[in-house]
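Chemist: Protein sequence lines, in the order shown, are assigned to chains A and B. For the first sequence, the numbering used here assigns the number 1 to the initial residue and increments by one for each residue that follows. For the second sequence, the numbering used here assigns the number 1001 to the initial residue and increments by one for each residue that follows.
Hints are computed from structural coordinates only; laboratory data are not their basis. One should not assume that every hint holds.
[What the hints assert, rightly or not] Simulated DEER-style distance windows between Cβ atoms:
1. A:Ile-93 <-> B:Phe-1582: 26 to 36 Å
2. A:Leu-109 <-> B:Ala-1316: 46 to 56 Å
3. B:Gly-1595 <-> A:Leu-109: 22 to 32 Å
4. A:Val-72 <-> B:Phe-1280: 37 to 47 Å
5. B:Phe-1431 <-> A:Leu-109: 33 to 43 Å
Backbone N, C-alpha and C fix where the C-beta goes; we use that ideal spot for every residue, glycine too.
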Amino acid sequence: MADHGMDPSAPLTGEPSKNTKRKLRKEVKTQIIGFVLALFLTSISFISIASDAIPASFAIPFIFMLAVIQVVLQLYIFMHLNDRGNAWPNAMIWSAVVVAIPSVAALMLLLGITKW
Amino acid sequence: MSYAEAQKKSVLWDWLTTVDHKKIGIMYLAAGAFFFTIGGIMALLMRAQLMFPNSSLIPAQTFNEILTMHGTIMIFLAAMPLLFGFMNYIVPLQIGARDVAFPFLNSLGFWLFLFGGIFVNLSWFLGGAPDAGWTSYVPLASHYSGIGLDFFVLGLQISGLGTLIGGINFLVTIINMRAPGMSMMRMPLFTWNTFVASILILFAFPALTVGYLLLMMDRIFGSNFFVVEMGGNVVIWQHLFWIFGHPEVYILALPAFGIFSEIIPTFSKKRIFGYTAMVFATMLIGFYGFMVWAHHMFTVGLGPVANSVFAIATMAIAVPTGIKIFNWLLTMWGGRIKMTTAMLCAAMFIPTFVMGGVTGVMLAVSAADYQFHDTYFVVAHFHYVIVGATVLGLFGGAFYWWPRMFGYTLNEKLGKAFIILFLIGFHLTFFVQHFLGLYGMPRRVASYLPGQGWDGMNLVSSSGAIFMAAGFLLFIINIFVSMKNKETTGDPWDGRTLEWTIPSPTPEYNFAQTPLVRDYDAFWYEKYQGDGKIKAAEPLGDIHMPNGSILPIIISFGLFVMAFGLVYHTWIVAGAGLLIVFGAMFVRSVKEDHGYHIPVEEITKDKGGK
């Protein structure tokens, strides 16, 4: 590979541009909103079970739903999946989800006592 | 290591330590051809036994072992490594890269496969080969089979690890190492098919690994996953196996489709018809491959709704496959077709594979499958698709890429004699097996009684096998006879893709300068829109190369030792093997390894001192 005479790990110098500053402010805002949302999701899942606010039959699907939202939130806000240059990780993660959900769902149905 | 040191290695040491994708590709081909020959001899033995009714040439137990090993060897140790050989050699050349993304891992993948394959085959000498079929259904495989199954389950886990590593390596290579200008939609179709097949490997092999892990636990550590009276479940094995097993079929077929998609445009002198549709169809086949596994289990008793859903999903696969078939036909239509041996393979693949596809749709009718299941009809079907696609693809690819890989062209006359003989033998052997199945002959039987209307057809089937063997011998002879037909232009077929822009024999750094890709069929574009030479994307300079390493062999050997320890329940040997593995991994982690540079003078010397 050609050497361009730059050390990519060198510390940045100088003032950030206006555009960069605006982006950084926006990033901070997203991170804070994401953090609050994550806390909120975690606490409702805890409270809903601890206070018996929802019926027992609905508890597992409800928690599961919250968990899925939580995972997506974490992946996109804190793991930066929506940033530029992450198209491939996105494509691979979502194609795995598209393959795994029908497979696992079908497998669970087929292994049950009921004959479909 | 310096450049001079890197050149000084002895030939043997060079091949043992190589991380060059071309040498690893050739080693995959050699090992795959070795196992293919063994698997073929087993097939001949089985056909010899079944030639006449009530035959006692081979005892029933040995027949079961041969039958199991024929399937296992042909799928895991012959077809896949042979395809991996082509992928390894050709994909980096087609995308304009100097190597795969992880050269060390590439070498590790090969040695894991080889040691795993040898381990499975050692069972022949150490108490009997596995005898529960390549599917190894439990509880037959978990509680009624001998030590051979231990070798099977451990050896295939080791070689499966190698396959998984290889698949991930191809994915990263294709995503990250394409030459400037080569967008995804300018990639040659062989590379596209390799890409989708690698995704299938990545998603499907974990299911097999889990299955084998559970089987190993039951057999060696006394767990109860498949013991019904202890609350286990035997059907889950079949699910796990086929969640892997069906995508596996496409892992074998897709790269072969890719090879045909290279051969047909080259020898028809036409751009492939419907490139975008081909890419889309490949992805669709890959996706459907995961949604149809239960069609192998129609007679298990899943219930009518489940059977219907999987039957319809299975029939849907005929649509993208049909798109591909028509695109190949339309590529040939109106082209200036040159019937070389490679093209003959591709042309004969289409009718052969379509026949296999038609019986596939027949088998997908779940009600009818109750009649076909476990008969020779199934045997005929899967040999038509696997030999029709994968084996013809491998032979076609061999004739097509031989000048690129070995620097000489295979003899065309001998080649055509070979492929015609092989195809006559193939159809003689397997066409009658459809009818044997319809007349009720079950598969996997070691012998049968006379007077059931099977005698004549079995005789025909067995004599066909002799033609196939004779054809394969011609191919082997061809390899040696043709050695004098040196190929020096680097572009013997008037090729269309980047691998034909390299001088012959292929230099170890592939491209002196990374090529600049300006269109799909990059070389063809330069021939007709440019000056016939591919543009360079970088100035001539020193080329950075990775160092060779012996560690992949040591790691694989460590796992091999560990597997021995597990089979014989000698934990100290197993622990020693594990120690070797982690020791080698530790050395790899702490040792600084910066590779070396090929100086620019060497490269200009190769280019003829420009």
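Chemist: Take the hints in turn and mark each one as holding or not.
Modeler: Status of each hint after checking the structure:
At roughly 31 Å, the beta-carbon separation of A:Ile-93 and B:Phe-1582 lies within the given 26 to 36 Å, and the hint holds. Checked against the hint of 46 to 56 Å, the pair A:Leu-109 and B:Ala-1316 fails, with Cβ atoms roughly 20 Å apart. A beta carbon spacing of about 52 Å between B:Gly-1595 and A:Leu-109 contradicts the range 22 to 32 Å that was offered as a hint. The hint said 37 to 47 Å for the Cβ distance between A:Val-72 and B:Phe-1280, and at roughly 27 Å that hint is violated.
A hinted range of 33 to 43 Å holds for the C-beta pair B:Phe-1431 and A:Leu-109, which are about 39 Å apart.
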